[in-house]
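Asks: My request is simple: use the sequences and hints to build the entire structure.
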Amino acid sequence: MNGILRLEQMEDTPLEDLSADWTAGARGDDTKTLKSAILDWIAPKGAAIQPPLHRNSKIDRRFNHELTGSLLCPAGLNWNDSETRENLQSGEMSVCGDQWPIFLYAHYTYDVDDPWCGLLRSHLLAYKHIFTSPSSVDKEPKATQSRNAQLHGMGSVTIASMAYIATQVRFALSSSSVFSRTNTTTDSETFYHSLLDLFEDPDESTEVDELLTWWNRQVFPNSSAAKRPITANSVLSKIRLKRLAAKQATDSNPS
1245 MNGILRLEQM EDTPLEDLSA DWTAGARGDD TKTLKSAILD WIAPKGAAIQ PPLHRNSKID
1305 RRFNHELTGS LLCPAGLNWN DSETRENLQS GEMSVCGDQW PIFLYAHYTY DVDDPWCGLL
1365 RSHLLAYKHI FTSPSSVDKE PKATQSRNAQ LHGMGSVTIA SMAYIATQVR FALSSSSVFS
1425 RTNTTTDSET FYHSLLDLFE DPDESTEVDE LLTWWNRQVF PNSSAAKRPI TANSVLSKIR
1485 LKRLAAKQAT DSNPS
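Note that this note's numbering gives residue 1274 to position 30 of the sequence shown, counting from 1, and the numbers run on in steps of one.
What the hints contain is simulated information worked out from the structure, not anything from laboratory work.
Misleading hints may appear alongside valid ones.
[What the hints assert, rightly or not] Restricting the straight-line Cα-Cα distance to at most 25 Å, the calculated cross-link-like pairs of lysine-lysine (DSS-like) are:
| hint | residue 1 | residue 2 |
| --- | --- | --- |
| 1 | 1289 | 1302 |
| 2 | 1302 | 1276 |
| 3 | 1289 | 1276 |
[Stated by the list, open to error] Distance windows between CB atoms, simulated:
| hint | residue 1 | residue 2 | range |
| --- | --- | --- | --- |
| 4 | 1293 | 1338 | 33 to 41 Å |
| 5 | 1301 | 1333 | 34 to 42 Å |
| 6 | 1399 | 1479 | 48 to 56 Å |
| 7 | 1325 | 1351 | 47 to 55 Å |
| 8 | 1491 | 1466 | 15 to 23 Å |
| 9 | 1356 | 1454 | 17 to 25 Å |
| 10 | 1421 | 1485 | 52 to 60 Å |
| 11 | 1326 | 1448 | 33 to 41 Å |
| 12 | 1356 | 1276 | 34 to 42 Å |
| 13 | 1340 | 1421 | 16 to 24 Å |
| 14 | 1356 | 1300 | 36 to 44 Å |
| 15 | 1399 | 1493 | 34 to 42 Å |
Everything numeric in this text was worked out from a predicted model, so none of it was measured.
Here a beta-carbon is modelled for each residue, glycine too, at the ideal position from N, C-alpha and C.
Replies: Here it is in structure tokens:
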């Protein structure tokens, strides 16, 4: 059974159990192939990673390498600052799971005044690797991606699957060889649950809905979950606006 399908069925399951079930049910294929595939995705266009990173060993990843270090650097910190970089490499500056890495952001750009901007819209489309196949990241047409995803039993993107895939990519960039909740270096469980905490916060529902819609457009373009914005001045938009105005009036004048 596909790992993400299992994940969707166990949204409240602790991360270590998800990891164990993933390995037992799918032989860890996605985790293993992502360990190698991620190197192709982060390599400079038309060039090789320098110095080279090993595909079968992760000891030289995380802050031990310029490229993986720059991607795992917590958003808000400047990897190009020599003191910051040295403190991360030496371990003097520890990174907790709720300090999200810059690779989560589109174009690896973090806006301190708008932290939602670009969040989880990075080009590291591991989602398509898990949902479909490694080649779908930048080669297969969307229709093929969607058909492949359907073969895996998937109908739409969920908040749990988004959080887990982000965790998988973060782990692939790390130097750890064992995916475990007790690994204080990767702190994967804290990372996973910190994302879920955001996604499940009612106050963030608008941004979360927009993010889910965006991802469904990428993976399931023909799905009802990939809803399009309502056309301005349409009947539906007028009905929605009237309902919103009535609700706001009620909220501002409680009986």
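Asks: List, from low to high, the hint numbers that the structure doesn't satisfy.
Replies: 4, 5, 6, 7, 8
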